Amino acid sequence: MLDIRFVRSQPEEIEQKLQRRDPSISLRPLLDLDARWRELIFQSEELKKKRNEVSELIGRLKKEKKDASQHIAEMKKVSDEIKRLDGEVKQLDEAIHREMCELPNIPDDSVPVGQTKEDAVLLREWGEKRQFPFQPRNHLELAGLTGMLDFARGAKLAESQFPIYVGMGALLEWALLSFMVDVHTRENGYTLILPPYLVNPQSMFTSGNLPKFEGDLYKLRENDLYLIPTSEVPLTSFHRDEILDEENLPLKYASYTACFRREAGTYGAEERGLIRVHQFNKVEMYKVTTPETSEEELASLVRDAEKLVERLGLHYRTRLLPTGDMALQSAKTFDVEVWLPAQKAYYEVSSCSNCKSFQAVRGNIRYRPKDGGKNRYVHTLNGSGLATSRLLVALLETYQQSDGSIVVPEELRRYLWGIEAIKPKS
RNA sequence: GGAGGAGUGGCCGAGAGGACUAAGGCGGCGGUCUUGAAAACCGCUUCUCGUUCUGCGAGACGUGGGUUCGAAUCCUACCUCCUCCGCCA
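425 is the number that our numbering gives to position 425 of the first sequence; each next residue is one higher, with no gaps.
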């Protein structure tokens, strides 16, 4: 959420920047509500001042056993008027809050203006598309040969798009997760967090998922709890309503969780299998920084994601997303996209965003500056590191051999008892 | 699920209708002393909002309602935590 005082201070400039994301955005209704709100709050506070003064007088009179009934009658009227004004103020509060919830983050000036994925700007490319001397299979065929994934039973147990990892498939997934957690914690200095998978509405609000995207979330029937679509959600609320010390920033967290997405809407046949599912695994990176350092911390976050893909020997490219393609809470987002040989397309395995103070305002997350100035909002950053389910597709398709076996990348072998290749079932 | 107890500033903690100021401590900041530091001593230090901004005002004591001229304090609903019992990996 934006800071209303900031919006008030330079409305034209902010409106213009928001329109880079969505030309239909107008701040007019919000500004009108805010002007009315300030007018009423001023009136109410003037009356409260009067009430405080006279109430004190009444206390003194009573102590001296003098008559105060006229003052009490007068103050009763004042109190009623205050009640009326405050009721109206509360309604305006709620209306302003609703307007504010609809507004996305202000895009960073370095973000290209555009509404579709086509407007993304290529930042980096690594490795090459693998060429096959045979007809390559897609990951579904490969999973069938090796018995790694069971989609039919997943649909039986839950519903379609809930894959089950079996045998070597489960072990390979597990190896990927272990590898990534190791790198983040031992080499990159992230603190590992294993958070709840269920969170309350306040947590969903803080990250930006509520109120606008409730339809994307799984919600429990009996408790006021939601299943997390990403561990960005619990990590964002980890320091909610806290005041941090600048000396401790930046904070760097990594977490592993399953992620749950209703993904309402239909996708084409090319997104069958593991590419878009209701439950998938993800290791997440998360940073809490000062405003001065968030830009460079984003750059290193992207590198942390990219290096994982490199060590797995997978071809990828990294793109800077355009204004219209970013999540509500993000001011700047880089996507790391891995090459899927069978789909002949790049697919996102990591999305790294600088949310600046958008989530910090919602969650009231601040820090005490070293120099003793006023408390300020932190900046929050998140990035997948990485989404394994989709990464597994890239691994299978890239490392397949003509007989359907899968070569295990060097980095993963120590997590798989030294196995060099996964063979098809005989 | 049952029965009790408790939620107060960055942290601990007092306050139980009116002293216009939420005591006191810890921590933090500044100073005195010191070669330097520690200790000791002396100050300063909750947050949010509005504003015509060196100032003024309003609000906040888990959250929302209510009673009252006036609520941290009384009533009410809810939330969270702790202790014990029950169930359970």
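Since the hints were made in silico from the structure, they are not lab data. Given the structure is predicted, the values throughout are model-derived calculations rather than measurements. Even for Gly, the Cβ is constructed at its ideal location relative to N, Cα and C. Take these hints with a grain of salt, some might be off.
[To be verified] Restraint ranges, calculated between C-beta atoms of paired labels, are given here: (1) T191 / G418: 28 to 34 Å; (2) H71 / R36: 51 to 57 Å; (3) E292 / Q43: 36 to 42 Å; (4) F213 / Q43: 34 to 40 Å; (5) I243 / K344: 47 to 53 Å; (6) E39 / K219: 35 to 41 Å; (7) F6 / K212: 18 to 24 Å; (8) K83 / R221: 36 to 42 Å; (9) Y218 / E56: 15 to 21 Å; (10) L220 / D86: 45 to 51 Å.
[Stated by the list, open to error] Pairs of lysine-lysine, DSSO-like flavour, derived with a Cα cap of 27 Å: (11) K212 / K90; (12) K90 / K76; (13) K66 / K48; (14) K17 / K49; (15) K156 / K90; (16) K77 / K63; (17) K90 / K50; (18) K76 / K63; (19) K219 / K17; (20) K129 / K90; (21) K65 / K49; (22) K77 / K90.
Verification of the hints:
Range check, T191 to G418: about 30 Å between beta-carbon atoms, so the 28 to 34 Å window is met. For H71 paired with R36, a C-beta distance near 32 Å fails the hint of 51 to 57 Å. In this structure the hint that E292 and Q43 lie 36 to 42 Å apart at CB holds, the actual value being about 40 Å. Between F213 and Q43, the C-beta spacing of about 37 Å keeps the proposed range 34 to 40 Å intact.
In this structure the hint that I243 and K344 lie 47 to 53 Å apart at CB holds, the actual value being about 51 Å. Checking the proposed 35 to 41 Å range against E39 and K219 shows it holds: the Cβ atoms sit about 39 Å from each other. Here the CB-CB span from F6 to K212 is close to 20 Å, well matched to the stated 18 to 24 Å. In this structure, K83 and R221 meet the distance hint of 36 to 42 Å, their C-beta atoms being roughly 38 Å apart.
Distance hint for Y218 and E56: a CB-CB separation of about 55 Å, inconsistent with the stated range 15 to 21 Å. Remark: the range hint 45 to 51 Å for L220 to D86 is contradicted by a beta-carbon distance near 35 Å. At most 27 Å may separate the alpha-carbon atoms for a hinted pair to count; K212 and K90 meet this at roughly 22 Å. Our distance criterion of 27 Å between C-alpha atoms is met by K90 and K76, whose separation comes to about 21 Å.
Of the pairs offered as hints, the one joining K66 and K48 holds, with about 24 Å between alpha carbons and a cut-off of 27 Å not exceeded. At roughly 40 Å between alpha-carbon atoms, K17 and K49 are farther apart than 27 Å, so this suggested pair is violated. For the hint linking K156 to K90, the alpha-carbon distance of about 49 Å lies beyond 27 Å, and the restraint is violated. This hinted pair checks out: K77 and K63 have alpha carbons roughly 23 Å apart, not beyond 27 Å.
Proposed proximity of K90 and K50 is supported: the alpha carbons are some 21 Å apart, at most 27 Å. The straight-line distance between the Cα atoms of K76 and K63 is roughly 20 Å, inside the 27 Å bound, and the hint therefore holds. At most 27 Å may separate the alpha-carbon atoms for a hinted pair to count; K219 and K17 exceed this at roughly 34 Å. Of the pairs offered as hints, the one joining K129 and K90 is violated, with about 59 Å between alpha carbons and a cut-off of 27 Å exceeded.
For the given pair, K65 sits about 25 Å from K49 by alpha-carbon distance, which is consistent with the 27 Å threshold. Using a Cα cut-off of 27 Å, the hinted pair K77 and K90 holds, with the two alpha carbons roughly 20 Å apart.
Violated hints, in rising order: 2, 9, 10, 14, 15, 19 and 20; the structure is consistent with all others.
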